[in-house]
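Participant: So the protein lines, in turn, are chains A and B.
Numbering-wise, my numbering puts 67 at position 67 of the first sequence, and it's gapless, one number per residue.
All you need for my numbering is the position in the second sequence, starting with 1, plus 140.
Treat each hint with caution, since some may be false.
Here are the in silico distance ranges between beta carbons for each label pair [as the list claims (entries may be wrong)]:
id	chain 1	residue 1	chain 2	residue 2	range
1	A	S63	B	S380	49 to 59 Å
2	A	A55	B	S214	16 to 26 Å
3	A	A105	B	A171	25 to 35 Å
4	A	R12	B	L317	40 to 50 Å
Derived from the structure by calculation, the hints contain no laboratory data.
We put the beta carbon where it would ideally sit given N, CA and C, even for glycine.
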Amino acid sequence: MRVSWLRVRVRRGVHRSPLLQIGLVVGFWLAGEGIAKLTGLPVPGGVIGMLLVLALLATRRVSAHSLRRGAEWFIGSMVLFFVPAVMALLDHRELLGLLGLKILAVIVGGTVAVMLVTGLIVDLCTRWGARDAAAHASGD
Amino acid sequence: MPQLMPAGIDLTLQALFWSTATIALYLAARAVYRRWPRWWLMPLAIAPLGLILTALALHTSYRDYSRGTHWLVSLLGPATVAFAVPIYQRRALIRRHWRVLATGMVLGSATSMLTAWGLARLLGLSDTLTLSLLPRSMSTPFAMTVSSEIGGAPDLTAVFVIVTGVVGAAIGDVLLLRFPIRSSLALGALLGVAAHGAGTAKAHEIGQEEGAVAGLVMVLVGLFNVLLVPLLMMAQKLVSHGV
Numbered sequence: 001m002r003v004s005w006l007r008v009r010v011r012r013g014v015h016r017s018p019l020l021q022i023g024l025v026v027g028f029w030l031a032g033e034g035i036a037k038l039t040g041l042p043v044p045g046g047v048i049g050m051l052l053v054l055a056l057l058a059t060r061r062v063s064a065h066s067l068r069r070g071a072e073w074f075i076g077s078m079v080l081f082f083v084p085a086v087m088a089l090l091d092h093r094e095l096l097g098l099l100g101l102k103i104l105a106v107i108v109g110g111t112v113a114v115m116l117v118t119g120l121i122v123d124l125c126t127r128w129g130a131r132d133a134a135a136h137a138s139g140d
Numbered sequence: 141m142p143q144l145m146p147a148g149i150d151l152t153l154q155a156l157f158w159s160t161a162t163i164a165l166y167l168a169a170r171a172v173y174r175r176w177p178r179w180w181l182m183p184l185a186i187a188p189l190g191l192i193l194t195a196l197a198l199h200t201s202y203r204d205y206s207r208g209t210h211w212l213v214s215l216l217g218p219a220t221v222a223f224a225v226p227i228y229q230r231r232a233l234i235r236r237h238w239r240v241l242a243t244g245m246v247l248g249s250a251t252s253m254l255t256a257w258g259l260a261r262l263l264g265l266s267d268t269l270t271l272s273l274l275p276r277s278m279s280t281p282f283a284m285t286v287s288s289e290i291g292g293a294p295d296l297t298a299v300f301v302i303v304t305g306v307v308g309a310a311i312g313d314v315l316l317l318r319f320p321i322r323s324s325l326a327l328g329a330l331l332g333v334a335a336h337g338a339g340t341a342k343a344h345e346i347g348q349e350e351g352a353v354a355g356l357v358m359v360l361v362g363l364f365n366v367l368l369v370p371l372l373m374m375a376q377k378l379v380s381h382g383v
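Working from the sequences, and respecting the hints, build out all of it.
Facilitator: Shown next, in the form of structure tokens:
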């Protein structure tokens, strides 16, 4: 009795406190890092942590409520974690001139191409899929 | 401003200063963007610009800066873990469309690598720069892993990843309406494949479904490439040694 009462209290606390949820997300990340180090897999620890959480959510060992707010906080602040990486430009002044413009051209051209290819493929496949489904439905 | 940051200043103080400056500039940039949501006012563009100008004014090197702020970059790890939640919440959508999404993802990331390689060759960029550009569409932790495996420079790749994010969000703002693409599945997928986290943030601005698809695709593209590259490298080694 006592143990289950405690478990309910803990669960309720985690559901209510974003701070505890942030800690929980960090805990899963550290677990992922540990697994990556122990096994020597070429996969970032964060990814292993994510797969771990997905597995726990899918088997209902962890409920999405006890992670949702912490996860939203991390996803919402992600841009901040990117910002310091740009400062590597300080060590690469050579990229600030013509070379930088060339690289920008590669990135802009490549990004437009990737967007068009991905978008058109997904759109066409969905349309074909819908037509196939319709044909099957009318054929039956 | 040499009086403000003397050379022998305590390392802890310096770390504290740069961490605070980074967070403060980010929060200010975010407030500006909430008020005026234009792509060129994106926090991802404005905050680094302000920081670089500050660092140049204070004569701070990248090494000094990154020593104090590395903990912020490592928070990308738990941010990756966090994507499990929206992916799990949209599992029905994903189960229904996984074949289409996988096709778009594989061909999209092949296009990303091929265009980077082709354009870089065309413009005569060096091998290191070319290799560092290949994984630019992926999310930072994946991109840096791939870059170091194929022989690029991971710190340059991190910069290219962010430039790609800004470019992708800008195209999402300016050009996307002229593309003949409307379905939320396609919009989410193209933003996730082409522009990782920044594209996913843009997709969340367009709609919830677009955001969830982009977040999933972003993680899957990274995973796919991180797992694929060691296999390709092994194959290449076998071919070059075998013949």
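Participant: Would you pick out the hints that fail for this structure and give their numbers low to high?
Facilitator: none
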